[in-house]
Amino acid sequence: MAKTLLKVEDLNVYYGSIHAIKGISFEVNEGEIVTLIGANGAGKSTSLNTVAGLLKPKTGSIVFKDKNLVGIPAHKIVKQGMALCPEGRRVFLQLSVKENLEMGAYTRPGREVADSIEMVYDLFPRLKERYKQVAGTLSGGEQQMLAMGRALMSKPELMMLDEPSMGLAPILVDQIFDIIKNLHAHGTTILLVEQNARKALAIADRAYVLETGKIVNSGSGKELLSDDSVKKAYLGG
Amino acid sequence: MLNYLISGISLGSVYAIIALGYTMVYGIAKMLNFAHGDVIMVGGYAAFCAGTYFGWPAPVAVVFSMCICTILGILIEKLAYKPLRNATSLAVLITAIGVSYFLQNMALIIWTSNPKAFPNMANFIPSIIVGDITISSTTIITIIASVIIMIALTLFTSKTKMGKAMRAVSEDKGAAQLMGINVNATISTTFAIGSGLAAIAGVLLCSAYPNLVPTTGSMPGIKAFTAAVLGGIGSIPGAMLGGILLGVLEKFAQAYISTQLSDAIVFAALIIVLIVKPSGLLGKKIQEKV
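These protein sequence lines are chains A and B, in that order. Those letters in the first sequence? Residues 1 to 237, per the numbering used here, in order. Those letters in the second sequence? Residues 1001 to 1290, per the numbering used here, in order.
Source of the hints: derived by calculation from the structure; they are not laboratory data. Any given hint could turn out to be false.
Pairwise CB distance ranges, derived in the manner of DEER restraints [claimed, not checked]: (1) B:Ile-1265 with A:Asp-122: 33 to 41 Å; (2) B:Arg-1085 with A:Thr-4: 33 to 41 Å; (3) A:Ser-229 with B:Leu-1075: 29 to 37 Å.
Residues of chain A placed beyond 10 Å of chain B at every Cβ, according to the derived structure [as the list claims (entries may be wrong)]: (4) Ala-83; (5) Leu-95; (6) Arg-150; (7) Pro-170; (8) Ser-226.
All of these numbers come straight from a predicted model, not from anything done at the bench. Glycine included, C-beta positions come from ideal geometry on N, C-alpha and C.
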């Protein structure tokens, strides 16, 4: 049995008076790909943002590598070894590709940065071609690659990806999923949030189904792919 | 004619240094720090006290003044603006105006309204005389200082880790946090830099116009804000260009049109520029892919 890397227990998150996450629990073991699927507004992104420290939970615990992260500010969580590649990419549009990558390595000593940049360039040759360009001039797919590369720059043990395929052409979606598999093969544990449930379940070791802030179903990726209620709700019948 | 141009560039250089402070803070913290002009005034008084009361040499007095203003800037940000980080921009703006009056009134209590004769601290090189034109040492120092500051700030924001982090924070605070950037510390640093620059501006301004009163900073502060908007707020070269244009325009208006009307002419110029180019002369074009 692999070691538990991230364990979220009984998490409750509010936006003002709106109860967005209603007591969810899930865990990610070392070396797994785990996915959270669900409709818009089910609380998938909220869950990731809370784990990354951008939102504060009202109650519950988030234990990463045996350390409770609740109350630690977001900028200190990266150093613990997790990175979030946020929804909508959120690359720094006015910074160059290279500067974006440098920001990803903000918490790491300067001498290690150049090697990591080369590593990201190997993974995403397109970024190398465009390293001087400001990120605002990149295409959507390239921006997604940059966002993923930027998250990798912190050398995370756990990489959280929020809707990496959103708004991309089908061929690019395939490419992004190949990259996720590739990252996983290189030893990065992955927590993936996706609207493209079929693709996400196909690569996931385990999956959780969220519905209006609650986990309503869970199991291995294969199990859920053939689960009738999941098929009906998320895989188009 | 040339005389007016030179004195305009000199005044404009002071505006430029103040405008750089405005633009830095606006660019990164997305707020208009209307107390910036009054930090200049405090810088002037700090240097005045150091030079006249304590008898310290000019360079020490300038460094002392920069230290005071840097601390003041950090304090203002911590006490007045940080609690409002998620408030509406109007609340922040009103607070900034409040801080401005607070500083002016504190200065009034400490130093009274009697003008202080500021000793010239920017005349340590000889003046240049070409034909019948004299370029005073203060003018030369002011222009050199503003150019050095602009270049240094440009290099800082484009080359250093902290500078890049500032640009990242200016664009997306949330994403910056995800990178491990401490947003509060970054904003604090911005205020520290802007206020340190205000001290230099204060010394240069008072060296050229040695009549130091608690409201010394307010008009130059507003003019420099205008300069920053004129050049494109958030842009470092824009602040520089806006400052110098404004200074020259003001001096020419005073010389050839009317002393009383010069301010009106300056602001009219701002309005015209903003009608033609709302983002200012060198304002950033926001590129976004949809």
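Do the hints match the structure? See the list:
In this structure the hint that Ile-1265 (chain B) and Asp-122 (chain A) lie 33 to 41 Å apart at CB is violated, the actual value being about 59 Å. Here the CB-CB span from Arg-1085 (chain B) to Thr-4 (chain A) is close to 35 Å, well matched to the stated 33 to 41 Å. For Ser-229 (chain A) and Leu-1075 (chain B), the hinted distance range of 29 to 37 Å is not satisfied, since their beta carbons lie about 59 Å from each other. For Ala-83 (chain A), the requirement that its beta carbon stay farther than 10 Å from each beta carbon of chain B is not met, with the minimum near 7 Å.
With a minimum CB-CB distance of about 6 Å to chain B, Leu-95 (chain A) fails to clear the 10 Å threshold, and the non-interface call is violated. With a least CB separation of 7 Å from chain B, Arg-150 (chain A) falls inside the 10 Å interface cut-off, contrary to its annotation. With a minimum CB-CB distance of about 19 Å to chain B, Pro-170 (chain A) clears the 10 Å threshold, and the non-interface call stands. At the 10 Å boundary, the C-beta of Ser-226 (chain A) stays outside the reach of chain B, the nearest C-beta of that chain being 36 Å off.
Of the numbered hints given earlier, the model fails hints 1, 3, 4, 5 and 6; all others are met.
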